[in-house]
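*Asks:* As a plain string of letters, each chain reads:
Number of protein chains: 2
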Amino acid sequence: MKKSFILIFLIFLVTGLHAQILQWHEILPGVWKTVYGKPDPYTLLSAAEVKPNQTAIEKMVKTDLLLEKGDIKAEMVNGKVYLRFPLERGEQIFGFGLNFQTVHQRGRILTLHVDHYGSSDNGRTHAPVPFYVSSRGYGVLINSAEYLSVWVGTGVRKDSKNPPEVKDRNTDRTWSSRPYSDIVEVLVPADGVEVLLFAGPTTLDAVRRYNLYCGGGCLPPRWGLGFTQRVHRLFSADQALEEALEFEKRGFPLDFIGLEPGWQSRSYPCTFEWDKGRYPDPAGFVKNMKEKGVRINLWTNPYVSPESPIFKAIEPYTGSHTVWCGVVPDFNVFQAREIMAAQLKKDQIDIGVSGYKIDEVDGGDHYLWPDVAVFPSGISAIKTRQTYCVLAMKMTDDLYRQRNERTFGLVRANNAGGNNLPYVIYNDYYSHPDFITALINSSFCGVLWTPEVRSSNSSEEWLRRFQSNIFSPMAMINAWSSGTKPWSFEDVSEQVKFYANLRMELLPYFYTEFAKYHFEGTPPFRAMALEPGFRHDNGMEVRSQSLEDNPYLEAVSRECKDQYMAGEYLLVAPMFAEQTSRNAGQVSRNTTEPGSRKVLLPKGKWYDFYTGEYVGEGQEITVTPGLDRIPVFVKDGGVIPMMEARLRAPAKGEKINIEVRHYGEKPARYMLYDDDGETFDYEKGDYSWREIIIAKNKKGQWEGAISKAGKGKPDNVGKVTFKFMTKD
Amino acid sequence: MKKSFILIFLIFLVTGLHAQILQWHEILPGVWKTVYGKPDPYTLLSAAEVKPNQTAIEKMVKTDLLLEKGDIKAEMVNGKVYLRFPLERGEQIFGFGLNFQTVHQRGRILTLHVDHYGSSDNGRTHAPVPFYVSSRGYGVLINSAEYLSVWVGTGVRKDSKNPPEVKDRNTDRTWSSRPYSDIVEVLVPADGVEVLLFAGPTTLDAVRRYNLYCGGGCLPPRWGLGFTQRVHRLFSADQALEEALEFEKRGFPLDFIGLEPGWQSRSYPCTFEWDKGRYPDPAGFVKNMKEKGVRINLWTNPYVSPESPIFKAIEPYTGSHTVWCGVVPDFNVFQAREIMAAQLKKDQIDIGVSGYKIDEVDGGDHYLWPDVAVFPSGISAIKTRQTYCVLAMKMTDDLYRQRNERTFGLVRANNAGGNNLPYVIYNDYYSHPDFITALINSSFCGVLWTPEVRSSNSSEEWLRRFQSNIFSPMAMINAWSSGTKPWSFEDVSEQVKFYANLRMELLPYFYTEFAKYHFEGTPPFRAMALEPGFRHDNGMEVRSQSLEDNPYLEAVSRECKDQYMAGEYLLVAPMFAEQTSRNAGQVSRNTTEPGSRKVLLPKGKWYDFYTGEYVGEGQEITVTPGLDRIPVFVKDGGVIPMMEARLRAPAKGEKINIEVRHYGEKPARYMLYDDDGETFDYEKGDYSWREIIIAKNKKGQWEGAISKAGKGKPDNVGKVTFKFMTKD
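For the record, the sequence lines run as chains A and B.
Number 393 in my numbering belongs to position 393 of the first sequence; there are no gaps in the numbering.
Counting the second sequence from 1 gives a position; my numbering is that position plus 728.
Where hints are given, some of them may not hold.
[What the hints assert, rightly or not] In silico DSS-like pairs for lysine-lysine, Cα to Cα no more than 30 Å straight-line:
| id | chain 1 | residue 1 | chain 2 | residue 2 |
| --- | --- | --- | --- | --- |
| 1 | A | Lys167 | B | Lys1040 |
| 2 | A | Lys158 | B | Lys1074 |
| 3 | A | Lys292 | A | Lys719 |
| 4 | B | Lys895 | A | Lys167 |
| 5 | A | Lys346 | B | Lys895 |
| 6 | B | Lys801 | B | Lys1020 |
| 7 | B | Lys895 | A | Lys345 |
| 8 | A | Lys161 | B | Lys1020 |
| 9 | A | Lys38 | A | Lys59 |
| 10 | A | Lys167 | B | Lys1074 |
| 11 | B | Lys1380 | A | Lys312 |
| 12 | A | Lys276 | B | Lys1073 |
| 13 | B | Lys886 | A | Lys312 |
| 14 | B | Lys1394 | A | Lys38 |
| 15 | B | Lys886 | A | Lys345 |
| 16 | B | Lys1020 | A | Lys312 |
| 17 | B | Lys1073 | A | Lys167 |
| 18 | A | Lys158 | B | Lys1451 |
| 19 | B | Lys1383 | B | Lys1333 |
| 20 | A | Lys346 | B | Lys886 |
| 21 | B | Lys1040 | A | Lys158 |
| 22 | A | Lys276 | B | Lys1004 |
| 23 | A | Lys312 | B | Lys1383 |
[Claimed, not checked] One side of the interface only, derived from the structure: several residues of chain B facing chain A at Cβ under 8 Å:
| id | residue |
| --- | --- |
| 24 | Trp752 |
| 25 | Tyr810 |
| 26 | Pro997 |
| 27 | Leu1375 |
| 28 | Ala1379 |
| 29 | Phe1408 |
In short, the hints are calculated from the structure, not lab data.
The beta-carbon is built from N, C-alpha and C at its ideal position, and this holds for glycine as well.
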């Protein structure tokens, strides 16, 4: 018996149960890095060629890390890296990518894997970013392109300092199937890993630091924030033109039209060239549309048809497997990028196409290459899967950068490091409530997401979806299959137009908020958990006490997943047409009677966006807004710079008049951003921040003022007026 | 350009794109083995300590492998083994573990991972056995305890000899989102792997060879095939006794009672000792029950409470993580097994407990140890997860073997090599149709499964579930939470009794069929696809042409998943109370009007089990059996040895009278198995096969005869009568 014990002890030593203490280096203020083992140099951030915005990080509040670095452990276990991070009682964890049903990640187990979202938050999603933030105000990035498994406060180690209480299930009604866990555990199936830590002091600051480390968020061209319609997949040039004219005739805004697969001569796999029947004169078509003020965005997927003009040239630089019979360019090989880029440039970008919708870079497993595929670069199929989205975005973005023209498009996947790429994620999942949860979660992981509108079962659903889509990074109808127009549901067509116009009116505000995303790292659309004064409720509840229905008495987290912040001041609380029950195990939305909903207001006073009236402070309110309105509330002292409704976003150099709205009883200061709206000159300092000050004068009347743009700085602002929405 | 090409070519060489040709050795007739790379010696079969039944394999029909071994390829890709196996057009693949919704596995992608079934067939299931069989009549086992990823006819390689046709999705309506694939691909995340091939000639033969290689299927004690009731979790000794008496009083058969967690002093984690309050005299209780003819089976999970008498002793031999605050014995360490076994032996087995229900050895991930856990044996957390079920079954089975007593129990998981362990898998999922699909799939992977009955929403559902449960490896009501009795639904209580009695009447037949499982490898309950003359329909159908609902025009496989064979002759076609629609993407069951269903009859004539009437041959029939009957059909020439209905299975040495039923117009021969029904003496040759011959005499009348048991061989048969069910 004694000998065996010694043997076992030796095995313990060999398998490395004693974790190594990590060496941390503060590489930028509030950003620490460690390298454990021998990581592959190919990582998420290396694939994205991330360049930190050092200046902006240095400008941030200096702070300590609110996480004891000595409590972070790493060890090699059976040839893989096992990382663990401590958790405190009451601490909540957010992030781990674009989840659709949960905001609180503590208690979840995920395997982070780029994929189409399959209706459960298990790590397979369009942006499985291995980054998380804590309610305590710090962030953690595991910079690995492997499939990472994470146990977020679920595992319990024998050596835990905060072990859960042992209970007898037979008789103790407080027994829980999920005992308390004080640890985040990560399995990295590799010989080593790089980990980065981001300080707060607030959760939002940790997110900002992460975004800035990845180069800051993207700044779309101004037209990118206008309205876009994706037309039926088989539309011809004439039909697309007709669609644009119909928008104009009916007075609906439209900045760009998206052409779906039919613009190509073959699709799935793709030829990357125009179909001569549907588009006999592509250059003329694109030019004509642009003259009418409507840009063209093109759908594609990256899989090359044997009938494509680039097939022969690119074939040697493609993977071992085909996707829909198309070869898969290895974008980690220079030649593959060059051959593809040359085709896009010559055939499309040089004639004025404004951007792409990059489809099918997510999953599912049935469509993409299997993990056994081999690529000529030697980068594994798994790492290629995790980064393909970023490589494809970067290749196209680079083409526009070469022309000093900004692009703004759509993509099916993103990952860590893609923060500054001008692409918005979309998918086919089409659950309106879950789309809002995804919008919330996008703010924790440095990606953009649109709750796109396709078609609907009713006018109510159509309008409800449209209303929330307006308060998102891309205001869009995707009619690739349905052919639906904004006015298709006639009985709500005026309400739809009201919100399409409101989107245009809000452009100065949204454009400024995107500038903050770029320069300061603040997500333009974001979770309530990132808002100061928002009350977390980490409570759990057991939804069914019946052991027949719920044999383990599983509890679920009460979490706020159906309202969000749009920019600095707006709180958006979408209405869902069908208040249907969610998936089993999910907490239902904050609903009451049909047509009503609950809204959680953070600390401070809040005002109705439409009327300026006071609605409450730091409390839960119930609203019954009627079909015409999506509930939107403004923070006390909120400043919303707006312009008049127009059919197109202002062009480069065009002056616009601004109406600055003020809400509440607090004086206010807001910095309005401006640049040419189309080029990358802002990266060379060619931009302006104009200070708006609103205060009461000696007579007790509200007054507003705006500073000048500065000598030689962009100034596209014409007349500025002030509107004080809240009556005393 | 030229240099880069050479560089890429070199990388191709280095990454090993040229797959190695494997060396195959015929280790037993019709069984070939290869070892690729340097596999870990710890495998699924090594953990199970499998001993092939060489004699039985040698007795099988000699045949070639209907799979070109030269077409099987292996290569190392990024440090993992990539295996590929060819597929032919029209070939169908079955197996890959206990799937609940699909029978056809061609077209599926799975990661084989022991887990609770989570309502989609993705490889996470109670028995993710890495074994598959082909409709062409061969089987493949990948003997690895890692999580294996398999792409079953989904991937398309550029170098495929049977490439799919390139189509244009824009205009070609025959475009498919899943192009034709001619390959099964397997990723083994390890430095090597052992692969075994099993010849047919039929698909059933390949299954048989696999089962025999793993030692043959288990042979339960005779009482194990009687009826069992699991009582409410907090029942006391008196209540359990009362339950047994009530069964007897009402005339319902009962061979063993299962006690749920409350028999232990603490549960979740467990103490492995009786609760002194509910069971003040365990030995007296067990003895008293046994004298009444009712055995005791005990629920447990393997996780040791700090309040258990064995905690201190076993703690050094447990993993790094706890499960429900209990330590996890490392059953790969001798001491852990010994300490646990000693407690079970002393406290339970030595006083006459007949077996266990081993819970919680499957998952889910939230309950069990994470993949980062470390075990003192040095076996990884993953391999421990994949084999823990087998180790736990084997430990308890060994205790009974030491006593020369057979056991028969329940388990939540199984894997390759567990074929001969006397345990039946169950779970909480409780979908009646999917339970039947699981029963079908259990036959492809060498495990047993019970579609257990717990409670029901209606009398109809209760009866329908009960009827199919009777035709399964374990006839059971699991009332751990509900406390439901067979007679709880009064309006169908007589019908329930009819089927409980029928189970007892069928014991001679089922016992013989289990003997065939043991001696010949033939699964007692099995898929229609294993039945000669059953017509496969490999057709695919697109369920929705709407791109809004089905953006990729996904097609689903038409497959037979709601009828099965029970023993050599019976075809069982369960009725489901609610003919509700299945999960999206699933083909609905073969239903017509409420109360009716379709049944696919294999070639040859078929007869009604209850009446002996002819019902059809090689065709699809529609039946409307009424609530009282589950449709059961008998093959032409079918022989069903039955006994009279009894409350208990015959004890060792007890003589029973047999009524041999014959169906149809064919003469027949059937080998009736017999042994003592309780010990392992059959392994030493202490058994008999008696030949039953049925033929028409010269007068054209049916006559039957049965041979003698043989000198010194077991003979528990009293009077034998013959009943010719089909009138001329």
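*Asks:* Each hint: holds or not?
*Replies:* Taking the hints in turn, this is what the structure says about them:
no. : hint                   : verdict
1   : A:Lys167 to B:Lys1040  : holds (18 Å)
2   : A:Lys158 to B:Lys1074  : holds (28 Å)
3   : A:Lys292 to A:Lys719   : holds (26 Å)
4   : B:Lys895 to A:Lys167   : violated (62 Å)
5   : A:Lys346 to B:Lys895   : holds (25 Å)
6   : B:Lys801 to B:Lys1020  : violated (60 Å)
7   : B:Lys895 to A:Lys345   : holds (26 Å)
8   : A:Lys161 to B:Lys1020  : violated (51 Å)
9   : A:Lys38 to A:Lys59     : violated (33 Å)
10  : A:Lys167 to B:Lys1074  : holds (25 Å)
11  : B:Lys1380 to A:Lys312  : violated (77 Å)
12  : A:Lys276 to B:Lys1073  : violated (81 Å)
13  : B:Lys886 to A:Lys312   : holds (13 Å)
14  : B:Lys1394 to A:Lys38   : violated (72 Å)
15  : B:Lys886 to A:Lys345   : holds (27 Å)
16  : B:Lys1020 to A:Lys312  : violated (81 Å)
17  : B:Lys1073 to A:Lys167  : holds (26 Å)
18  : A:Lys158 to B:Lys1451  : violated (65 Å)
19  : B:Lys1383 to B:Lys1333 : violated (34 Å)
20  : A:Lys346 to B:Lys886   : holds (28 Å)
21  : B:Lys1040 to A:Lys158  : holds (13 Å)
22  : A:Lys276 to B:Lys1004  : violated (86 Å)
23  : A:Lys312 to B:Lys1383  : violated (80 Å)
24  : Trp752                 : violated (21 Å)
25  : Tyr810                 : holds (4 Å)
26  : Pro997                 : holds (7 Å)
27  : Leu1375                : violated (28 Å)
28  : Ala1379                : violated (34 Å)
29  : Phe1408                : violated (30 Å)
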